[in-house]
Each structure stands twice: as structure tokens, then as C-alpha cells.
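Novice: Letter by letter, the chains look like this.
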Amino acid sequence: MSDNKAMVDAKITRLKAAVNLEAHDKVPLAAMADFWPVRYSQYTMQEAFYNMDVAAECYKKAFGEWGLWDAFNPLMNSLGPFLDATGSRRYNVPGRDLPPHAEFQHPDLVLMETEEYAELIANPPKFLAEKAIPRLCRKIGSESAYVRGVAWAKAALFFAEFMAKGRSYAALFQNEYGIPPLFRGQSLYVPLDWLADKVRGFHQGMLDVKERPEEVAAACEALAPFIVDACLAGVPEGDYPLIFNPQHMSPFLSPRDYQRVYWPTFKKMVDEVVQRGYKLWVFFEDKQEHHLECFQELPKGKVVACFESTDLAKAKKALGGRLCIAGGMPTVLLTRATPQEVKEQTMSVLKLFEDEPGFIMTCTTVVPSTARPENLHAWLNITQEYGRLGGGPSVPARNGPTEARGAAGRAAPIPEGIVTSWEAVRPEFGQIQGDENIIKENWENLEKLSLTFLYWMVR
Amino acid sequence: MADTNVSLVTSISELDAQAALDLVKARIARGDDPEAILTECRQALDEIGKRFETREYFIADLVFAASIFKDIMSLLGPELRRVAKGQQKAGKVAIATVKDDIHDIGKNLVASMLDAAGFEVIDLGVDVPADVICTCIREQKPDVVGLSCLMTSTVDSMEDIISEISGSGLRGEVKIVVGGIPLSPKLAAAIGADSYGDSAAEAITKCRELIRGSAR
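If you read the sequences in order, they're chains L and R. With this note's numbering applied, the first sequence corresponds to residues 1 to 459, in that order. With this note's numbering applied, the second sequence corresponds to residues 460 to 675, in that order.
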């Protein structure tokens with residue numbers, strides 16, 4: 001076993017033990033970022049946004065300098081060519097709509113009218129293909145069949161290459177830099193977040209919660225199976241890496257509204273994902289003390305609760321010993337504080353969780369592109385030096401790496417959801433002379449991928 | 460026909476949009492003083508602010524309240540202009556999301572709440588550079604400039620804007636209040652702001668305090 005492989009195995013074991021709330025040697029360090037090292041590597045955001053190889057070069061340089069992460073997810077959203085090819089308005093693009101060094105941003109878009117709730121509820125992927133995506137992507141919404149066809153083709157080609165490159169770089173970062181990924185598959189959105197962020201617009205989504213809660217709740221119920229299937233199609237079974245669930249609207253809702261339109265399908269979705277053998281990293285945006293009681297109902301040892309601004313002492317009191325908690329380093333300290341202030345914050349969080357194996361040290365959102373190198377060094381080194389858990393065995397044998405790889409290598413369960421079922425399309429084939437199953441299986445495999453593709457198109 | 464004996468303050472503060480709008484229509488129809496109606500709307504918004512502070516209401520409730528107020532003002536505006544007594548404004552606030560940041564939900568909510576609370580609001584939009592803000596200070600003379608950002612990276616932009624206001628010799632002309640997820644009272648002071656608002660409701664309180672402080 002090479003030194004690098006042994007190190008990776010130890011990191012994965014440590015992270016899994018923390019998620020499982022089991023004793024281990026030291027506090028795991030995990031993080032995610034989009035274009036964090038681009039500025040540091042002296043590229044422009046535009047160069048990285050238009051070329052994943054550039055983004056990956058930046059990560060190689062950064063991982064060479066900061067290699068202490070137990071897991072890291074580089075969200076290399078180098079989407080420029082796809083957005084141009086389809087005319088998508090989803091992002092404000094560095095170098096195109098923004099200065100070349102600015103970070104990409106999302107405008108708040110309304111892609112669904114109030115009276116279209118019933119249509120969305122009846123068939124979410126059909127609504128995406130026929131309404132939302134053509135409205136989002138000007139070329140796909142073109143009156144010209146030629147322009148539309150070429151735009152869809154380019155989108156599909158880009159999607160295939162984007163996914164393949166992402167997987168290939170994740171393997172490279174693990175094998176050559178000793179940094180395993182934190183997440184896999186598509187981001188799993190809670191139905192209300194998907195409804196608001198992807199089709200209704202965030203502002204309008206908040207108003208819908210107040211003005212038409214019954215329709216919103218019905219839409220969330222209809223969206224939950226679609227989102228789970230689209231997110232997990234093709235994702236190998238296993239409890240590591242984790243499924244990423246970023247939340248957006250939950251902090252803005254009162255407990256009453258939360259119970260009415262957010263929590264029921266969030267809980268249902270978590271239960272379904274866990275039942276399929278996965279574990280989740282849930283990013284609880286902003287302050288969520290008012291929902292902590294609900295989170296106690298999430299399945300024990302199956303969910304990492306990552307908090308942005310929620311008081312970690314309150315979170316520990318409510319969830320300690322039940323869910324693994326992640327957080328601790330506010331992004332703004334990395335960008336603006338002194339190394340001494342970063343050290344003090346790190347020590348204070350380590351002290352809070354010194355008796356709690358279910359804790360992962362992480363940045364409160366993504367590692368920011370303006371993080372000061374000396375602050376990153378201070379944060380990682382102090383966590384490494386002082387984040388030792390009293391008396392725990394260094395590597396619990398029963399969570400060994402062989403089991404981890406074995407689990408990750410099993411075939412994915414067959415998702416229920418597809419766009420057009422074989423039964424629906426079968427009559428078009430008439431009499432089949434050979435083996436119908438060969439045609440059916442291949443039809444369904446591509447259908448499942450197309451579900452993920454439609455979900456990805458409005459990301 | 461709406462029951463005009465039911466309190467408008469109650470309807471708005473309970474976020475019963477339809478009842479509130481029906482009441483406003485009925486009271487305009489029967490010839491009530493539009494400024495008296497507006498005063499009741501503001502009382503309701505004060506009540507909503509209190510419920511936000513006690514964590515009965517959250518951001519989505521404030522956004523909905525701002526939407527109700529906007530609908531009411533579309534009915535009441537023509538009546539107010541007709542009587543044109545011109546209520547005394549609580550102060551003038553210029554508000555912007557800083558350069559390189561396009562997030563406007565927080566900024567829009569603060570602008571709506573300030574408007575509802577009786578301030579004259581100059582909304583400069585999003586991705587606003589320092590020179591636009593300096594020109595606004597020179598030409599429109601706001602009492603307060605409110606700056607918003609969402610991204611950690613644009614705190615630097617906020618600091619640059621405050622620095623440029625100072626560099627242009629305009630810092631003594633205005634008070635500056637800032638808000639946004641990456642900020643804290645300590646960071647607000649460090650980048651040169653006079654005050655920090657943790658929420659839309661608090662931003663209004665801070666603007667009132669800053670204007671009262673300037674007047675002394």
C-alpha cells in the first residue's frame with residue numbers, strides 16, 4: 001500500500017467515523033469551494049469559468065500547498081461555454097457580464113407563472129423540457145427548430161464532458177494529492193428550494209409560501225421523487241462520499257410555514273435517500289436555531305448538519321450525539337481577520353467539541369476566493385495540532401477502507417423515475433424481431449440519464 | 460363589502476392581504492382621510508417589526524408585508540397626492556447593493572420597509588460603484604447611505620466605497636449604515652461604517668437613530 005493511499009484511507013476512515021458519531025483520532029477537516037484558488041494562482045475568474053482544466057490547475061497548486069483536508073469538494077463550475085451555447089441566463093458570467101476577476105453570481109429568475117403550478121405538479125420533467133428550460137435558455141426557446149436542435153445537442157455534449165471531467169479530476173485529486181472528495185452526484189435540493197431557486201424565483205417563491213401555501217405544498221410533494229431520482233441516477237450505492245443538500249429558504253421561514261411547506265418533504269427526502277443506502281451533508285444556511293428541534297427527528301448518524309451562522313453551542317446541545325455537526329470557521333475571518341484571530345476562533349470551536357466525536361471542522365460556506373493564505377495556514381495547522389479527541393482509537397478497524405471502496409463500487413439501485421417509460425413508448429416500436437429486453441434496458445438507461453440532464457440544465 | 464369596523468392595523472399585522480386591501484378600498488370609498496389610513500398602515504408595520512424581533516415573524520413574513528404595503532400604496536397613492544398635504548418625511552436614505560454584487564432581496568426589503576416607515580428612499584440598484592454613490596450624495600443630499608452585500612468577497616467593495624466617499628470629502632455629509640450576511644457590528648466599524656443593521660427591521664431603527672444623532 002503506497003503512503004498516499006494509506007493516508008487517503010485514514011482520512012476517509014476518520015471522516016466516516018465522525019459522520020457515524022464513533023470515536024476516532026482527531027477532528028476531520030473538510031471543505032468545499034468553487035473557484036477559491038483561482039485568484040491565488042493568478043488566473044482570472046473568466047479563464048476558470050470557461051475552462052475546467054484551468055480551474056483544476058489552480059486546485060493542483062492549492063492542494064500542493066494546503067494538503068491537510070480530510071475531504072474537499074472543488075465545485076469547478078466551469079460553465080461558460082454551456083451558458084453561451086444555450087443562451088442560458090442562469091449565471092452572470094465573469095468576463096462577459098461581470099469584470100474578469102469577479103465571481104459568478106445568480107440573478108433571481110422567474111421561469112414559471114402562477115397559473116402553471118398544476119402543470120408542474122402533473123409532470124415535473126415535462127414542464128422543465130417544454131417550459132422552464134426554453135424560457136431559461138434563449139437558444140433552446142428559439143422559434144427556429146435548427147437553433148433549438150443545435151442548442152440541445154451542444155448542451156448534451158457539454159454535460160457529458162463536464163461530468164466525465166469532474167469525475168476524472170476528483171480521482172486525480174484523491175490519488176495524486178491525497179485529498180478525497182466530500183460529495184458525489186448532483187446537489188439534492190429540498191423541493192421548496194428547487195421550486196424557488198430554479199423555477200419560481202426566490203422572491204416570488206417566498207410570496208407563494210404566504211399567498212398559495214396549498215399549491216406550494218402540493219408542488220413540493222410532486223417534486224420530491226423527481227429530485228431524488230434525478231440526483232441519484234447513476235450514483236454508486238454507499239455511505240461515502242456524501243450527498244450534498246444545500247438549503248436556502250429554510251432560515252427565512254417561520255416555524256409555522258416551515259412545518260407547512262418545507263419540513264415534510266425535506267424529511268421525506270432524507271428518509272428516502274438514507275433508505276437507498278446514502279448519507280447526506282446538509283448545509284443549513286444562515287441562522288436556524290428556530291428549526292433545531294425538528295432536526296432531532298433526522299435519522300441518527302446518517303446526516304451531517306453543517307451550519308453557517310447558527311449558534312454551534314445551541315446546535316451541539318440540541319443535536320450532539322444524534323447528528324454529526326459541521327462548521328466553525330466563518331468565511332469572513334479567512335478573508336479579513338489576522339492569523340491570531342483565526343487561531344482563537346479555531347481553538348474556541350475545538351474546545352466546544354472536545355468531547356464530541358460527531359464534529360467536522362469546516363468553513364461556514366465555501367472557502368472564499370479572497371481568503372488570506374496566512375489565515376488558511378493558521379486554521380488548518382491549529383486544527384491539525386489541537387483537534388485531537390481524547391483517548392479515541394486512531395482508526396476504528398470496522399470502518400476500514402476496504403469496506404468503503406467495496407460499498408462505493410456496488411451497482412447503483414435502479415431509480416424509479418424516468419422521463420418516458422418503456423411501457424409508454426413500446427407501441428411505437430411495433431413488432432420487435434429480436435430481444436425486446438435489450439432495447440428496453442438501453443432505452444431506460446438513457447432515460448434515467450436524461451432525467452439527470454434536465455435537472456442539471458436548470459442548475 | 461368589507462367591515463370597516465375591523466382594524467386595518469390588525470388585518471395588516473396578521474398578514475391578511477385580502478382583508479387589508481378590501482378595507483383600504485372601502486375606507487377610500489367612504490371618504491376617510493388617506494393620511495389617517497397611511498398612519499394606520501405604519502402602525503401595523505411597527506407591529507410587524509415587533510413580531511419579527513420576538514421571532515414570531517421571519518424574513519418571508521416581512522417580504523409578504525412589504526408586498527401588501529406596496530399593493531395598498533398603489534390604491535392610496537393617488538388619494539395622498541390628491542389631498543397633497545405632504546406629510547413630513549422621516550428622512551432621506553440612499554440605498555444600494557455594492558459594486559460586483561447583484562443580490563437585491565435584502566436591499567429591496569430594507570427599501571420597502573423604509574418607504575413604509577415614512578422615509579424618502581433613493582434606490583440606486585445593484586452592482587453600484589462608488590462614483591454613483593458620491594454623485595448621489597452631492598446632488599440628492601441623503602441623510603443616510605445604506606449599503607448591502609451578500610458575498611464575502613464584496614465586503615472589500617463595500618470598504619472601497621466608504622473609503623472613496625471619505626476621499627471625495629463627503630464623509631461628513633452622510634451617515635452610513637451597512638448590512639448583509641458576511642457583516643457583523645465589529646466588521647462594520649472596521650470598514651468605516653457608522654452603524655450595522657442585522658435585519659430589515661433593525662436597519663430602520665438604525666436609520667432613525669443616525670438621523671436623530673445628526674440632528675442633535
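Simulated from the structure, these hints should not be mistaken for laboratory data. Since we're looking at a predicted model, the values are computed, not measured. It is possible that part of the hints are untrue.
What the hints assert, rightly or not - Mimicking DSS-like on lysine-lysine, the simulated pairs with C-alpha atoms at most 27 Å apart in a straight line are:
id: 1; chain 1: R; residue 1: Lys645; chain 2: R; residue 2: Lys529
id: 2; chain 1: L; residue 1: Lys351; chain 2: R; residue 2: Lys600
id: 3; chain 1: R; residue 1: Lys548; chain 2: R; residue 2: Lys509
id: 4; chain 1: L; residue 1: Lys210; chain 2: R; residue 2: Lys551
id: 5; chain 1: R; residue 1: Lys645; chain 2: L; residue 2: Lys287
id: 6; chain 1: R; residue 1: Lys645; chain 2: L; residue 2: Lys316
id: 7; chain 1: L; residue 1: Lys343; chain 2: L; residue 2: Lys60
id: 8; chain 1: L; residue 1: Lys343; chain 2: R; residue 2: Lys645
id: 9; chain 1: L; residue 1: Lys131; chain 2: L; residue 2: Lys60
id: 10; chain 1: R; residue 1: Lys600; chain 2: L; residue 2: Lys314
id: 11; chain 1: R; residue 1: Lys600; chain 2: L; residue 2: Lys287
id: 12; chain 1: L; residue 1: Lys154; chain 2: L; residue 2: Lys165
Novice: All hints are to be evaluated individually against the structure, with a verdict given for each.
Specialist: Evaluated hints:
| no. | hint | in the structure |
| --- | --- | --- |
| 1 | R:Lys645 <-> R:Lys529 | violated, 34 Å |
| 2 | L:Lys351 <-> R:Lys600 | violated, 50 Å |
| 3 | R:Lys548 <-> R:Lys509 | holds, 22 Å |
| 4 | L:Lys210 <-> R:Lys551 | violated, 31 Å |
| 5 | R:Lys645 <-> L:Lys287 | holds, 18 Å |
| 6 | R:Lys645 <-> L:Lys316 | holds, 26 Å |
| 7 | L:Lys343 <-> L:Lys60 | holds, 26 Å |
| 8 | L:Lys343 <-> R:Lys645 | holds, 18 Å |
| 9 | L:Lys131 <-> L:Lys60 | violated, 40 Å |
| 10 | R:Lys600 <-> L:Lys314 | violated, 45 Å |
| 11 | R:Lys600 <-> L:Lys287 | violated, 36 Å |
| 12 | L:Lys154 <-> L:Lys165 | holds, 16 Å |
Of the numbered hints stated above, those contradicted by the structure are hints 1, 2, 4, 9, 10 and 11, listed in ascending order.
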